[in-house]
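Novice: Take a look at the letters that make up each chain.
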Amino acid sequence: MGVNIMVESEHDADKGEKTIILRPNGSLSRRQALALLAFCGLVMGAVGFFCFLVGAWLVLPFSGLEWLLLAYCLHLSLKQSQQREVIIITDSLVQVEKGRYRPEQTYQFQRAWVMLDWMQSPIQGRPSRLALKLHGKEVEIGRFLVESERQALARELKVLLG
Amino acid sequence: MSVATHDDAHAHDHHDHGPAKGFMRWVTTTNHKDIGTLYLITGLIMFFVGGAMALVIRAELFEPGLQYVDPHFFNQMTTLHALIMVFGAVMPAFAGLANWMIPMMIGAPDMALPRMNNWSFWLLPFSFVMLASTLFMDGGAAAAGWTLYPPLVLQTGNALPFTVFTVHMLGMSSIMAAINIIVTVFNMRAPGMTMMKLPLFVWTWVITAFLLIAVMPVFAGAVTMLLTDKFFGTSFFNAAGGGDPVLYQHLFWFFGHPEVYILILPSFGIISSIIPTFSRKPLFGYASMVYATSAIGLLSFIVWAHHQYTVGMPLAGELYFTYATMLIAVPTGVKVFNWLATMWKGAMTFETPMLFAIAFVVLFTMGGFTGLMMSISPADLQYHDTYFIVAHFHYVLVPGAVFALFAATYYWLPKWTGHMYDERLGQLHFWLTTISVNICFFPQHFVGLAGMPRRIPDYAVQFAEFNAMSSVGAFVFGFSQLIFAYVIYKAIQGGEKATSEVWEGAEAHGLEWHLSSPPPYHSWTVAPEKEIISDLH
Numbered sequence: 001m002g003v004n005i006m007v008e009s010e011h012d013a014d015k016g017e018k019t020i021i022l023r024p025n026g027s028l029s030r031r032q033a034l035a036l037l038a039f040c041g042l043v044m045g046a047v048g049f050f051c052f053l054v055g056a057w058l059v060l061p062f063s064g065l066e067w068l069l070l071a072y073c074l075h076l077s078l079k080q081s082q083q084r085e086v087i088i089i090t091d092s093l094v095q096v097e098k099g100r101y102r103p104e105q106t107y108q109f110q111r112a113w114v115m116l117d118w119m120q121s122p123i124q125g126r127p128s129r130l131a132l133k134l135h136g137k138e139v140e141i142g143r144f145l146v147e148s149e150r151q152a153l154a155r156e157l158k159v160l161l162g
Numbered sequence: 163m164s165v166a167t168h169d170d171a172h173a174h175d176h177h178d179h180g181p182a183k184g185f186m187r188w189v190t191t192t193n194h195k196d197i198g199t200l201y202l203i204t205g206l207i208m209f210f211v212g213g214a215m216a217l218v219i220r221a222e223l224f225e226p227g228l229q230y231v232d233p234h235f236f237n238q239m240t241t242l243h244a245l246i247m248v249f250g251a252v253m254p255a256f257a258g259l260a261n262w263m264i265p266m267m268i269g270a271p272d273m274a275l276p277r278m279n280n281w282s283f284w285l286l287p288f289s290f291v292m293l294a295s296t297l298f299m300d301g302g303a304a305a306a307g308w309t310l311y312p313p314l315v316l317q318t319g320n321a322l323p324f325t326v327f328t329v330h331m332l333g334m335s336s337i338m339a340a341i342n343i344i345v346t347v348f349n350m351r352a353p354g355m356t357m358m359k360l361p362l363f364v365w366t367w368v369i370t371a372f373l374l375i376a377v378m379p380v381f382a383g384a385v386t387m388l389l390t391d392k393f394f395g396t397s398f399f400n401a402a403g404g405g406d407p408v409l410y411q412h413l414f415w416f417f418g419h420p421e422v423y424i425l426i427l428p429s430f431g432i433i434s435s436i437i438p439t440f441s442r443k444p445l446f447g448y449a450s451m452v453y454a455t456s457a458i459g460l461l462s463f464i465v466w467a468h469h470q471y472t473v474g475m476p477l478a479g480e481l482y483f484t485y486a487t488m489l490i491a492v493p494t495g496v497k498v499f500n501w502l503a504t505m506w507k508g509a510m511t512f513e514t515p516m517l518f519a520i521a522f523v524v525l526f527t528m529g530g531f532t533g534l535m536m537s538i539s540p541a542d543l544q545y546h547d548t549y550f551i552v553a554h555f556h557y558v559l560v561p562g563a564v565f566a567l568f569a570a571t572y573y574w575l576p577k578w579t580g581h582m583y584d585e586r587l588g589q590l591h592f593w594l595t596t597i598s599v600n601i602c603f604f605p606q607h608f609v610g611l612a613g614m615p616r617r618i619p620d621y622a623v624q625f626a627e628f629n630a631m632s633s634v635g636a637f638v639f640g641f642s643q644l645i646f647a648y649v650i651y652k653a654i655q656g657g658e659k660a661t662s663e664v665w666e667g668a669e670a671h672g673l674e675w676h677l678s679s680p681p682p683y684h685s686w687t688v689a690p691e692k693e694i695i696s697d698l699h
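Sequences listed follow chains B and G, in order.
According to the numbering used here, the first sequence is numbered sequentially starting from 1.
According to the numbering used here, the second sequence is numbered sequentially starting from 163.
Think of the hints as simulated: they come from the structure by calculation, not from any bench.
Ideal placement from N, C-alpha and C gives every residue a C-beta, glycine not left out.
Errors might be hidden in some of the hints.
What follows is a list of derived Cβ distance ranges for each label pair [to be verified]:
hint : chain 1 : residue 1 : chain 2 : residue 2 : range
1    : G       : LYS183    : B       : ALA112    : 44 to 50 Å
2    : G       : LEU502    : B       : GLY99     : 51 to 57 Å
3    : G       : LEU502    : B       : GLU10     : 53 to 59 Å
4    : B       : GLY162    : G       : LYS183    : 44 to 50 Å
5    : B       : SER29     : G       : SER397    : 47 to 53 Å
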């Protein structure tokens with residue numbers, strides 16, 4: 001269950017553009033979450049409806065409220081895993097877009113001058129930090145990645161920005 | 163373009179902060195370990211409060227006649243003892259273990275909804291204070307048993323609405339904890355941690371969480387109907403107004419029977435973690451354990467009326483509930499045989515967690531067998547409402563759920579505190595507890611079969627010897643638990659440093675053993691690598 005590829009790369013040869021999409025780990029897809037909710041709704045609804053039929057109708061509103069709470073909690077958790085970071089590298093620019101369903105923040109750097117800053121933590125087991133910076137402007141990328149994926153991303157960016 | 167690679171301690175301050183200081187740390191914390199600790203401490207305190215009530219009961223029953231308390235207070239004690247042990251001790255303790263262990267076991271940094279986690283804990287202390295305060299209200303606390311059957315419970319004085327409100331608050335807390343666990347396990351597993359890689363403890367808690375969200379609304383609805391019958395003139399359970407008191411029994415046990423499994427399934431998960439570690443073998447039949455747990459969860463919904471054979475039901479109903487109940491022995495048997503097969507030819511050692519795990523397997527199975535006896539409806543007519551029932555469910559819940567909690571505490575305490583516990587005291591605690599629990603509850607089978615009813619403060623002289631034995635066992639059991647509290651206190655204070663693995667070969671059994679002892683305040687800030695997960699048994 002779940003999709004675990006957190007770094008996807010696309011190369012558009014016609015435009016001379018390279019796109020890297022980063023997303024956090026989320027072991028539940030939207031479709032699976034809906035299936036889970038439907039299953040829980042079916043069971044809780046059946047129990048509540050059966051109670052209603054035997055005269056214990058007060059069970060039904062409690063079942064409904066609980067199902068709504070479950071749906072809201074799943075929504076909140078899924079919202080977290082909808083974060084995306086898109087790195088677009090053209091001949092002249094490096095653009096980083098951050099957002100959930102659409103770009104909410106956009107950062108642009110001149111490709112020729114941008115610096116890739118990779119800071120290892122002195123404490124073992126702590127995450128490293130990867131950032132693009134130029135002239136005092138800095139944007140951290142891939143904070144939600146697994147360490148090995150962040151290292152691979154750093155290597156790939158190093159080659160691409162060469 | 164240029165690339166700069168360097169070490170920078172300051173850049174990581176935002177990842178590296180430890181806990182806040184002082185009392186407010188515990189009030190406002192959203193950290194899964196802090197909340198787990200709060201749950202566990204609450205569970206231990208309530209275990210002693212509920213235990214003290216049990217000792218009042220056993221002191222009164224030490225000899226025939228009325229000695230220390232009047233019958234009404236005795237009934238309040240049986241009611242509150244059960245409510246506190248079920249909702250105050252065992253459930254919060256399991257929730258504490260879930261909070262501590264699930265994120266560490268699935269490679270997540272915390273629970274999915276940390277603020278809700280805080281709230282679900284902090285509802286508990288207020289609920290218990292309110293429940294305890296009913297003892298001092300006009301008419302005393304509820305005295306109708308933990309089942310709160312009408313019409314008896316409707317005779318409760320001012321305490322009734324407070325008892326019902328307590329049940330609602332405890333239900334809210336349980337539901338929020340259950341939803342948090344479901345969302346965490348489904349959406350926050352580390353890459354590579356597939357469902358069939360999950361440790362059994364996590365699996366059993368997921369199934370428990372589903373049971374909780376399925377049945378809690380039924381209990382909430384049922385107690386609300388009690389309230390409306392008492393104060394708003396409805397007649398849900400009032401025969402004079404066209405209602406039916408037996409409907410409450412069906413509603414209660416539709417909740418109550420899965421509730422029994424809510425108390426025992428996480429125990430199965432704990433035992434399935436401990437036995438492989440101390441047998442130095444992978445768990446035998448992992449997949450069958452998962453399916454067996456799911457089957458037990460499913461069957462728990464369709465057997466509720468075996469608690470009510472004597473209330474009057476059609477013969478077809480009695481037959482159905484008899485066979486359906488017997489069916490539960492099949493997946494439970496799968497589990498017991500798998501634990502035995504795991505131990506078979508293993509390089510076993512007998513540290514305190516393993517001793518409690520083995521005692522669990524033996525004594526829980528005994529409780530299971532008496533359960534099978536009771537599933538046969540014609541035979542149950544003799545057992546119903548006798549001390550045989552008391553013996554049965556205490557064998558399932560004390561050497562069952564409570565022993566699993568002891569085992570879990572000894573197993574994970576070095577991981578939590580970073581110090582090994584005192585093995586000598588642990589073994590002393592085990593032997594005193596195991597011997598006394600049998601002295602306490604085994605004789606209750608005999609008095610029950612001979613006809614001694616439950617929930618009475620006085621009894622015929624023919625039951626005197628077995629009751630005296632039972633009371634001696636209860637007091638030894640109760641005071642032995644002070645050793646347990648001292649062992650925990652001592653390990654928190656210091657002692658031999660524990661390694662990250664703690665137990666030889668444990669790293670192969672779970673992700674939690676790959677973290678330091680004690681683990682960092684934030685567990686998996688760097689998700690575990692897939693190789694580590696794929697190497698797990």
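Novice: Against this structure, judge whether each hint is valid.
Specialist: Against the structure, the hints come out as follows:
1. LYS183/G <-> ALA112/B: 44 to 50 Å: holds (49 Å)
2. LEU502/G <-> GLY99/B: 51 to 57 Å: This hint holds: roughly 55 Å between Cβ atoms.
3. LEU502/G <-> GLU10/B: 53 to 59 Å: holds (54 Å)
4. GLY162/B <-> LYS183/G: 44 to 50 Å: holds (48 Å)
5. SER29/B <-> SER397/G: 47 to 53 Å: Between SER29/B and SER397/G, where Cβ atoms are some 48 Å apart, the hint holds.
This entry satisfies every hint, going by the numbered hints stated previously.
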